[in-house]
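Using this note's numbering, the letters of the sequence shown map in sequence onto residues 43 to 193.
Source of the hints: derived by calculation from the structure; they are not laboratory data. Just to be clear, a hint being listed does not mean it is correct.
Listed next, the in silico SDA-like pairs over lysine to any residue satisfying Cα-Cα at most 20 Å (straight line) [unchecked claim]:
1) Lys-125 with Gly-171
2) Lys-125 with Leu-94
3) Lys-125 with Asn-169
4) Lys-125 with Leu-71
5) Lys-125 with Arg-105
6) Lys-125 with Phe-79
7) Lys-125 with Met-61
8) Lys-125 with Glu-137
9) Lys-125 with Ala-87
10) Lys-125 with Asn-142
11) Lys-125 with Asn-179
12) Lys-125 with Tyr-78
13) Lys-125 with Leu-59
14) Lys-125 with Glu-174
15) Lys-125 with Gly-96
16) Lys-125 with Leu-77
17) Lys-125 with Gly-143
18) Lys-125 with Leu-97
19) Lys-125 with Ala-175
20) Lys-125 with Trp-74
21) Lys-125 with Ile-100
22) Lys-125 with Glu-160
23) Lys-125 with Tyr-86
24) Lys-125 with Phe-93
25) Lys-125 with Arg-165
26) Lys-125 with Asn-141
27) Lys-125 with Leu-150
28) Lys-125 with Ser-95
29) Lys-125 with Ser-145
30) Lys-125 with Ala-162
31) Lys-125 with Leu-172
32) Lys-125 with Met-66
33) Lys-125 with Ala-76
34) Lys-125 with Ser-154
35) Lys-125 with Val-98
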Amino acid sequence: MKEANRKDSARYLFLGLVMAELGMLLIGLGGWNALYFQTRMLNYAGGSILFLSGLVLIWIDARRMKVACNGSGLTSEGTYLGKFELNGHLFEAYERRANNGASEFRLLSSPSVNPAQEAAFIRYLVNEGLIEAMWPNMSRQIEEEANWAFL
Numbered sequence: 043m044k045e046a047n048r049k050d051s052a053r054y055l056f057l058g059l060v061m062a063e064l065g066m067l068l069i070g071l072g073g074w075n076a077l078y079f080q081t082r083m084l085n086y087a088g089g090s091i092l093f094l095s096g097l098v099l100i101w102i103d104a105r106r107m108k109v110a111c112n113g114s115g116l117t118s119e120g121t122y123l124g125k126f127e128l129n130g131h132l133f134e135a136y137e138r139r140a141n142n143g144a145s146e147f148r149l150l151s152s153p154s155v156n157p158a159q160e161a162a163f164i165r166y167l168v169n170e171g172l173i174e175a176m177w178p179n180m181s182r183q184i185e186e187e188a189n190w191a192f193l
């Protein structure tokens, strides 16, 4: 999975750099006096759009790499269920046995969140049906074991 993320990351970075360079080339070409006024304006507009699109792709890649670099230190005991990204956080979901024998659904995140924020994220995932989409029957189990949290 990390290899796929690296390939996507390289693709975003390369595409962003190419688009930014082409945008700068079009802006430079727009400054050429031999072109008609309308052509120069189209070059400026197209170059600006390409340049800004390239910067956005580079920014997306930088954010994804930051989350991926921070996410490498996540460790937990229990059954690993998978990982997902939500609101700029990389979450890894685990199911583990608590001291009283009940099973717990836990989220580890990068950047880290406190227990209250973790509970809020879990409530959001259950209420919006996202947990059911990722792990069928898990939301029903969470609601049964922690029904007090959904009042």
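Okay, the hints, checked on the actual structure:
Annotation: proposed proximity of Lys-125 to Gly-171 holds, straight-line Cα distance about 16 Å (limit 20 Å). Using a Cα cut-off of 20 Å, the hinted pair Lys-125 and Leu-94 is violated, with the two alpha carbons roughly 31 Å apart. Under the criterion of a C-alpha separation no larger than 20 Å, the hint pairing Lys-125 with Asn-169 is consistent with the structure, at around 19 Å. Between the alpha carbons of Lys-125 and Leu-71 the distance comes to roughly 46 Å, so the proposed pair goes past 20 Å and is violated.
This hinted pair checks out: Lys-125 and Arg-105 have alpha carbons roughly 17 Å apart, not beyond 20 Å. For the proposed pair Lys-125 and Phe-79, the alpha carbon gap of about 52 Å is over 20 Å, so the pair is violated. Note on Lys-125 and Met-61: the hinted pairing is violated, with a Cα-Cα distance of about 31 Å set against a maximum of 20 Å. Note on Lys-125 and Glu-137: the hinted pairing holds, with a Cα-Cα distance of about 12 Å set against a maximum of 20 Å.
Our distance criterion of 20 Å between C-alpha atoms is broken by Lys-125 and Ala-87, whose separation comes to about 40 Å. Restraint check: the Cα-Cα separation between Lys-125 and Asn-142 comes to about 26 Å, which exceeds 20 Å; the hinted pair is violated. A threshold of 20 Å between alpha carbons decides the hint, and for Lys-125 with Asn-179 the separation of about 17 Å falls inside it, so the pair holds. With a C-alpha separation of about 54 Å, the suggested pairing of Lys-125 with Tyr-78 is violated against the 20 Å cut-off.
As the CA atoms of Lys-125 and Leu-59 are separated by approximately 29 Å, the hinted pair breaks the 20 Å bound. A threshold of 20 Å between alpha carbons decides the hint, and for Lys-125 with Glu-174 the separation of about 14 Å falls inside it, so the pair holds. For the given pair, Lys-125 sits about 28 Å from Gly-96 by alpha-carbon distance, which is inconsistent with the 20 Å threshold. Of the supplied pair hints, the one linking Lys-125 and Leu-77 is violated, its CA atoms being roughly 53 Å apart against a limit of 20 Å.
Between Lys-125 and Gly-143, the direct Cα distance comes to roughly 25 Å. Violation of the 20 Å bound is thereby established for this hinted pair. About 28 Å separates the Cα atoms of Lys-125 and Leu-97, which puts this hinted pair outside 20 Å; it is violated. Using a Cα cut-off of 20 Å, the hinted pair Lys-125 and Ala-175 holds, with the two alpha carbons roughly 13 Å apart. Our distance criterion of 20 Å between C-alpha atoms is broken by Lys-125 and Trp-74, whose separation comes to about 51 Å.
Between the alpha carbons of Lys-125 and Ile-100 the distance comes to roughly 23 Å, so the proposed pair goes past 20 Å and is violated. For the proposed pair Lys-125 and Glu-160, the alpha carbon gap of about 14 Å is at most 20 Å, so the pair holds. Taking the CA atoms of Lys-125 and Tyr-86, the gap is about 42 Å. The hint is violated against a cut of 20 Å. Proximity of Lys-125 to Phe-93 is assessed by CA-CA distance (about 33 Å); at most 20 Å being required, the pair is judged violated.
Our distance criterion of 20 Å between C-alpha atoms is met by Lys-125 and Arg-165, whose separation comes to about 17 Å. Taken as a hint, the Lys-125 and Asn-141 pair is broken in the structure, with Cα atoms around 25 Å apart against an allowance of 20 Å. Taking the CA atoms of Lys-125 and Leu-150, the gap is about 9 Å. The hint holds against a cut of 20 Å. A threshold of 20 Å between alpha carbons decides the hint, and for Lys-125 with Ser-95 the separation of about 28 Å lies outside it, so the pair is violated.
This hinted pair checks out: Lys-125 and Ser-145 have alpha carbons roughly 19 Å apart, not beyond 20 Å. A C-alpha spacing of about 17 Å is found between Lys-125 and Ala-162, which places the hinted pair at or below 20 Å, so the restraint holds. For the hint linking Lys-125 to Leu-172, the alpha-carbon distance of about 13 Å falls within 20 Å, and the restraint holds. At roughly 38 Å between alpha-carbon atoms, Lys-125 and Met-66 are farther apart than 20 Å, so this suggested pair is violated.
As the CA atoms of Lys-125 and Ala-76 are separated by approximately 55 Å, the hinted pair breaks the 20 Å bound. This hinted pair checks out: Lys-125 and Ser-154 have alpha carbons roughly 14 Å apart, not beyond 20 Å. Restraint check for Lys-125 and Val-98: not satisfied, since their Cα atoms lie roughly 25 Å apart, outside the 20 Å limit.
This entry does not satisfy hints 2, 4, 6, 7, 9, 10, 12, 13, 15, 16, 17, 18, 20, 21, 23, 24, 26, 28, 32, 33 and 35, going by the numbered hints stated previously.
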